[in-house]
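Chains as they are written, first to last, in the working numbering: chain D, 1 to 328; chain H, 1001 to 1330; chain U, 2001 to 2287.
It cannot be assumed that every hint is accurate.
Result set (DSS-like, lysine-lysine): computed pairs, CA atoms no more than 27 Å apart in a straight line [said to hold, decoys possible]:
hint: 1; chain 1: H; residue 1: Lys1028; chain 2: U; residue 2: Lys2176
hint: 2; chain 1: D; residue 1: Lys139; chain 2: D; residue 2: Lys179
hint: 3; chain 1: D; residue 1: Lys21; chain 2: U; residue 2: Lys2176
hint: 4; chain 1: H; residue 1: Lys1033; chain 2: D; residue 2: Lys21
hint: 5; chain 1: H; residue 1: Lys1280; chain 2: D; residue 2: Lys139
hint: 6; chain 1: U; residue 1: Lys2176; chain 2: H; residue 2: Lys1033
These are computed hints drawn from the structure, not numbers from a lab.
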Amino acid sequence: MSRAPAPILSVRDLHVRLWTKFGVVRAVNGVSLDLAPGEVLGIVGESGSGKSIAMLAVMGLLDAALVDAVAGSVTVGDRSWNDLTEIEAWSSRSEDLAMIFQDAQTALNPVLTIEAQIVETLKARHGLGRKEARARAIKLLEAVRIPDPQRCLSSYPHQLSGGMCQRVMIAMAVGCEPKVLIADEPTTALDVTVQAQILNLISEIQRESGMSLVIISHDLGVIASIADRVHVMYAGRIVEKGTVQDVFAAPRHPYTQALLACTTRVDDEAAAPRAIPGALPDMREAISGCPFRDRCPIVLPICATEDPELDAVEGHAAACWRMPGADP
Amino acid sequence: MSIPASPSDFALPLLQLDDVCVDFQVPKAQGGKATLRAVRNVSLQVMPGESIALVGESGCGKSTLGRVMVGLIEPSRGSVLYRGRAMNALNRRDQQSARRMLQMVFQNPYGALDPRFRIHRSVREPLDIAGLGSRAERREKVARVLGLVGLGPRHAAAYPKQLSGGQLQRVGIARAIVTSPEVLVCDEVTSALDVSAKIQITELLVELGRELNVSYVFISHDLGIVRQVATRIAVMYLGRIVELMDAASFYRGALHPYSRALLNSVPIPDPQLQRDRLSKILVGEVPSPTDPPSGCAFRSRCPLAQNICREVDPALTPRKGSHLVACHFC
Amino acid sequence: MDAASPAMASLKSGTSGRKGRINPLLFFYLGWIAAVLLAAIVGPWFFGDDALRQSLGQRLKPPSLAHLAGTDAVGRDILSRIIVGARPTLIIASGGVLIGLGLGTVAGTLAGYFGGFLDRVIMALVDIKLAFPTIIFAIGTIAVVGTSTAILSFVIGLTGWVTFARVQRAVVLRIKVQPFMEAASAVGASSTRLILLHILPNSVAPLLVVTSLDLVRVILLEASLSFLGLGVQPPTPSWGGMINAGRDYLQTAWWVSLAPGLAIMLTALSISRVGDWLRDVLDPDLG
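Construct the entire structure; sequences and hints are all you get.
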């Protein structure tokens, strides 16, 4: 994998602490990542891995009332932000970043027509007049394969199916011509046949526009569908990263191996899925040592005291003391 | 529950649905009411010891059908027979004891337990309602059932909000099996859980099915999970069963174009294979169940559709062995 | 790694208010409620005489060391009267609220749970009640049957049940569709069981909020009725009656009305804030 192009998005040492009903949780613990222009990055992890929180923090969309602390830096193109707690940071980053969510139906305003929402976005973003904005909206809806764009524009969100709402969200996001689209579980609420359509759509639009894409999912199959590279997250950190081919064919971190082993498949007879024993560590505490050690089948004494760093072999990195190159 | 005494008992289905229809009246956007045909002419038998999966996408009627089986919804037409006797013809007491044999585990583990009940009280509730056993016997039964699903006294004393999704789903199962039912309807019991908890719950269900000799009706949209539990699979589309066959051959030998599309749509964790699968996906979305297409309900999305599909709704007809398909062209 | 990371060292902890943090003012509110309750229980034993003793030489004296809240038009100590007046005020208020709570909860639960015709009848009664001015209703009733603590409580309760009924109906409609209700039906729970064991316990938190708001309303209503001369009859002191008695002297002796007014305001405020806090503590979804 070439390191040549300057990353379009880069995140350094991101930490997030959030208030929950259980107290302050260390949701993200030192996440760094780089996204090349035109690249599709998959972020995979179970709930509680911090994958969505990390990207919401990058967007500047964390609920300020729930944030205890955010630290780290975000660079988009040639602009950097070092204080991620600033509220205004969002509007400045939103020029280059757009995000779509799991539940498109509630992400849209229920009392406004699709036209009002999409046209206002386009007017505000590109300074278009009403007529131009409407024409552009129809083009966008056609681009996301909505069968009858005119009718869609005059509809309210509840009159559209979940799949249609997600198409509208994609159209609105793409209409902002972002450099990076962040898709947070965009197909989780959808039926499988519609999920396949939306994955295809996102992938096509990404290729046509040349924007970069971050797709967040708990489903390894979704990541395998469209991502070029994948980051595996566990307990708020990245434990493995590499190309999808490398990571899926030869996972190096025991967590990734366990995650693959508990994924069911509809195509392959042999594999009976195996559950991962144990549960996530208590995220309220600062974890010393490897966060996966209590569930790990190949644990070493050092795992209890020192947290392994990500260590790359030919672009395929894992944070595990058992890995060749790691120095126990 | 007693194990069937004679071989002839094995032949008798525990639960039999005959030509069941469920219609709902729903308000129309323009005012007035529309008829939503949630389940259309479904006939199905649940045999002792089997695990039959109802699969399909949202709106296909699988959850409604599950609720008909446990008596939460009355069918608009058709009948439900428990051990050969029509449920609605039973007197009140017989009906209650029959319904104890038909229990349900619900989709949302966080919502299906009263937040103000401690776990042991939620699990005991079915016994309290049925008036089964003395207080001490009930307490002992609850502890035993919680043990069966892998929970201890510490969990028993907790409130629902103190447990994880996987643990709550175990409680849901404990509550459903505490009256020793013969049929357990599991409605999307894994869909709210993380991958690992999904597998644990499925393993638990399979194990309990063997130990307690209980039959399952496993409602799910997750064909990967269904594969781990089901012995037979019924694929539903817009209120109808379009294909019914044994699970072992379903994943290779499904014939109905919808079953095949469904199988192909499930993403698999293999980048090369998955990209290939994505290139041949189903078009369109499920039509509104208040206004289904004429003839075959699937024809609006079907790659095989011809004129006859517009006019004649194909009946569920046998192919090889017990394999049933409703399609003119396969 | 977290603690040592330079990034984490620079973290500022958020300070904005959140659920679960106890507001220090809450202790003041709780203290005030305790003081009022104590006054209602033992006040008449200690201050009963002072509250009634007239002293024409001490008429309309402003607050001083001898009379901390001043004296009224016939020279009675206002602070003593406030302390003694707590009992009738609280009895009428809590009696009125309990009657309203009981009637309203039953009506709202039946309307919400069974729906249909029963719902329409109960909601029609609610609308009729809402269209009828509360004070007129109270004046009319008291004019016909006279006044006593019990009658006042009853009249006040009858004016308050609609709020409980409407809130409880909405709460029941929300609970009715919760998955645990279906789960209880699936194991054979009867309507009685669903209502008594599942719906009512889960309605406590919202009803508690309405109860605290209604206590406030009822204390003020009792004050209004006493102000109109329909409440607790002299010489027994009640807070509303005391405000009424000071009406003529507002220009010259403001303290006569101010002190009972403050007592009503602080009590109402305390009940309402403590009610909010209890709701947060009791609500299983927020806890």
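Tested hints:
1. H:Lys1028 with U:Lys2176: Judged against 27 Å, a Cα distance of about 23 Å means the pair holds.
2. D:Lys139 with D:Lys179: Answer holds: lysine 139 of chain D to lysine 179 of chain D is near 20 Å, not above 27 Å.
3. D:Lys21 with U:Lys2176: holds, 26 Å
4. H:Lys1033 with D:Lys21: violated, 43 Å
5. H:Lys1280 with D:Lys139: holds, 25 Å
6. U:Lys2176 with H:Lys1033: holds, 23 Å
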